[in-house]
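Going down the list, the protein sequences come from chains A and B. Numbering follows the UniProt record's numbering, in which position 384 of the first sequence is assigned residue number 384; successive positions increment by one, without gaps. Numbering follows the UniProt record's numbering, in which position 210 of the second sequence is assigned residue number 210; successive positions increment by one, without gaps.
Simulated from the structure, these hints should not be mistaken for laboratory data. Each hint should be verified, as a subset may be incorrect.
Just so you know, same-sequence chains aren't split out, so a pair can sit in one copy or run between any two.
Result set (PhoX-like, lysine-lysine): computed pairs, CA atoms no more than 25 Å apart in a straight line [claimed, not checked]:
(1) K414 / K348
(2) K20 / K283
(3) K357 / K283
(4) K122 / K255
(5) K357 / K75
(6) K226 / K30
(7) K75 / K195
(8) K20 / K178
(9) K226 / K75
(10) K146 / K195
(11) K54 / K226
(12) K178 / K146
(13) K348 / K75
(14) K222 / K30
Number of protein chains: 2
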Amino acid sequence: MQFELTDELIEQVQFLIEMKNDKELQLLLKEYHYADIAEILDELDLEEAVYVIKLLDSETTSDILMELDEDNREKILRNLSAKEIAEEIEELDTDDAADIIAELPEDRQAEVISQIEDEEHKAEITELLAYDEDTAGGLMAKELVKVYETWTVAGCLRRIRGQAKDVTRVHSIYVVNKQNKLVGRLSLKDLIVAKSDQKIADIYISSVDYVYVNDDVEEVAKVMQKYDLEAIPVVDNNQILLGRITIDDIVDVMKEEADKDYQLAAGITQDVEADDSILELTKARLPWLVLGLFGGLGSVFIMKGFENVMETVPSLFFYTPLIAAMAGNVGVQSSAIIVQGLANDNVKGSIASRLFKEIGLSLINGLALAVLVILFGFIINQELIESIAIAASMMSVIVVAALVGTFVPIVLDKRGIDPAIATGPFITTSNDILGIYLFFVLSGLIIGF
Amino acid sequence: MQFELTDELIEQVQFLIEMKNDKELQLLLKEYHYADIAEILDELDLEEAVYVIKLLDSETTSDILMELDEDNREKILRNLSAKEIAEEIEELDTDDAADIIAELPEDRQAEVISQIEDEEHKAEITELLAYDEDTAGGLMAKELVKVYETWTVAGCLRRIRGQAKDVTRVHSIYVVNKQNKLVGRLSLKDLIVAKSDQKIADIYISSVDYVYVNDDVEEVAKVMQKYDLEAIPVVDNNQILLGRITIDDIVDVMKEEADKDYQLAAGITQDVEADDSILELTKARLPWLVLGLFGGLGSVFIMKGFENVMETVPSLFFYTPLIAAMAGNVGVQSSAIIVQGLANDNVKGSIASRLFKEIGLSLINGLALAVLVILFGFIINQELIESIAIAASMMSVIVVAALVGTFVPIVLDKRGIDPAIATGPFITTSNDILGIYLFFVLSGLIIGF
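Throw the hints in and build the complete structure from the sequences for me.
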């Protein structure tokens with residue numbers, strides 16, 4: 001059943017578009033899931049993609065739009081009238097509808113909203129647009145199945161049949177009191193198993209997880225993951241039920257967060273993909289490279305300061321890439337573990353105990369590596385004092401690099417800055433400079449220059 | 001409603017354990033969700049944790065066990081008898097039960113299985129244990145709601161009431177034919193909305209996504225994410241329905257994969273957390289550091305070969321950390337983009353076009369950085385020919401590093417090796433050596449030594 005995007009399929013679609021053979025094209029695309037059609041559209045020219053969107057009914061195209069690559073979606077929407085976009089919006093759940101509108105330029109947003117015919121849908125979308133996109137409110141949908149505690153099971157089933165039409169998937173039925181405050185939940189299963197004359201108040205489950213509308217999405221993701229939830233209701237500060245968030249949206253958030261952190265660690269400053277344009281890739285990569293360059297030029301400066309050592313202990317200069325590499329690697333390892341620990345809430349204990357642990361850990365690693373450096377010195381017939389100086393200062397560099405890698409993210413996190421920025425090139429670069437400086441100073445103290 | 005793990009709470013639990021005040025302890029813990037109790041237990045001593053597990057009923061403790069940190073779970077299980085573990089297993093869904101048993105030492109596995117009283121549960125768990133843990137079979141549960149296409153809606157609802165008791169959450173109802181082949185699906189909603197005398201054959205939806213029992217879990221995750229599924233049925237090669245996978249398990253798989261890739265990129269070879277012991281952290285970190293050290297010693301060797309250049313153009317040696325850093329950073333960026341692209345299936349086009357793009361991209365980046373290096377040369381009054389030699393060879397190093405970073409993961413992927421291992425220290429180290437060698441050779445050609 002796996003869909004495979006083949007060149008033949010794309011060519012076939014392109015051929016039918018060129019021939020304007022709408023009937024055949026509709027028949028062909030009907031076979032595919034909207035997520036598959038989105039993949040096909042991502043491969044077409046803009047004009048071709050717009051042609052397909054205008055051809056298919058808005059029930060299908062609204063879903064396709066949601067699955068398209070963001071850049072492509074933006075381009076296609078620019079080629080649709082406000083009326084046409086509004087028609088797509090009518091078909092979407094409120095959360096997706098609000099997301100699409102939020103992506104439009106501001107002047108078009110009002111225009112599109114004014115064209116939405118369903119007044120309730122319009123009001124709900126406008127409400128959702130007011131929330132910050134990184135909060136529960138920005139992620140929730142207004143579609144949910146809600147019952148009052150005073151209803152009976154039979155009455156409930158009857159009304160759910162009405163409500164459920166608008167809700168793609170019924171995860172939980174939320175139970176509210178007269179003031180619309182969330183008081184509990186029910187599953188469809190519970191309802192089916194219950195007797196039809198029972199009151200909802202007698203059968204609902206009062207322990208219900210929920211999040212507040214202003215909670216951060218990462219917090220929502222953590223709660224849903226921890227408690228294995230597939231949907232979670234969103235309430236305001238007075239417990240009034242406002243909407244619900246479903247796990248598929250959280251899966252997307254998690255994927256985006258993981259990709260972003262990975263890219264930050266690799267020194268890529270914005271969301272790019274392998275198939276983006278050279279210009280976009282350059283914009284994402286050059287900033288960190290320039291930072292790395294300044295770091296490297298800083299090392300040039302430091303080493304120029306020790307130029308006279310070249311005559312007495314030239315071999316020190318051979319070790320500078322090694323020192324920079326070790327400082328960088330240790331720093332990246334330490335920062336990665338801490339950043340992940342902070343994200344997963346498993347960095348516990350006091351600062352002092354962490355300090356102690358990190359020093360212990362890096363001393364063990366440093367010692368093992370120092371032994372190897374001294375052995376290497378024997379092999380290449382290096383003066384013992386030089387080998388010892390190099391090994392000892394390398395050990396110190398490793399300890400300092402580990403401390404920088406551990407504590408910079410912790411400090412950033414305490415100040416409310418995303419600690420993930422302190423991984424990769426940032427740590428590597430600062431540790432490079434610091435490491436090389438320390439290396440020369442300490443070797444100088446041991447060898448005596 | 002957010003649960004917070006406070007020191008007071010832990011102390012209170014510890015006090016009640018010490019006092020052996022079972023009644024109060026049970027009352028206290030009853031207030032909390034099993035995932036919260038697991039967090040509390042992760043903070044207790046082994047003896048205390050075992051005390052709590054033995055105190056609470058197995059319906060609760062089985063869920064707690066699943067949420068515990070893996071190391072802690074292993075220790076606790078070692079303190080339970082085969083009979084006691086079997087009692088926990090009886091309460092768990094088949095997928096969780098099989099996971100727990102798979103974690104036990106082999107001799108205990110048979111012992112625990114033999115103590116399971118429910119014969120059907122035992123058979124199902126034994127079946128699941130046979131599948132590779134990285135496949136759909138290793139992730140699926142046997143619990144699902146299955147109806148035959150010949151049943152009526154009323155008969156269906158009646159039987160579902162029976163089946164659903166064993167199924168925590170009914171996502172979809174799977175429709176099978178007489179041979180137990182999967183033919184379609186139904187939602188509870190569809191069933192409630194349908195008339196009671198309709199036949200299932202008339203109302204079921206025949207387009208149903210499914211995966212094969214031997215499909216890779218990453219493939220399953222991709223399918224479920226793409227099609228926004230909350231559960232997916234698993235079939236064998238003859239389309240016989242074997243089990244189902246739910247999104248909460250996929251969420252965990254995605255999280256683990258993302259953490260693993262992030263750690264690989266940061267040079268950490270096994271799954272560790274910030275709070276693991278120094279020994280475990282060393283085991284995870286030292287291997288890559290040793291690799292980095294060998295790389296650095298390789299650079300020492302290369303530079304020793306160019307020792308005589310120290311007299312004519314000493315400044316070249318000041319630039320070696322810069323060259324190594326640029327080679328490393330560019331390589332990590334390129335590999336990260338490709339590894340992510342391969343994971344998300346968006347690396348398209350031919351090898352030739354990718355080669356062309358990567359060269360173009362790195363030439364642009366390299367040129368921008370080369371200009372900065374020449375400017376820096378002016379500022380520090382460096383000979384122009386030296387600056388040009390350094391800038392030009394740096395550019396070449398950047399191009400080569402980008403190519404290595406791009407194509408090593410592609411080659412690994414083609415050979416069926418996880419390309420994520422070719423990020424971080426691996427790319428940094430090989431690019432460091434290659435870069436420094438290239439730098440001296442090319443500078444030599446330009447300056448003439």
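- Broken hints, by number: 2, 4, 7, 8
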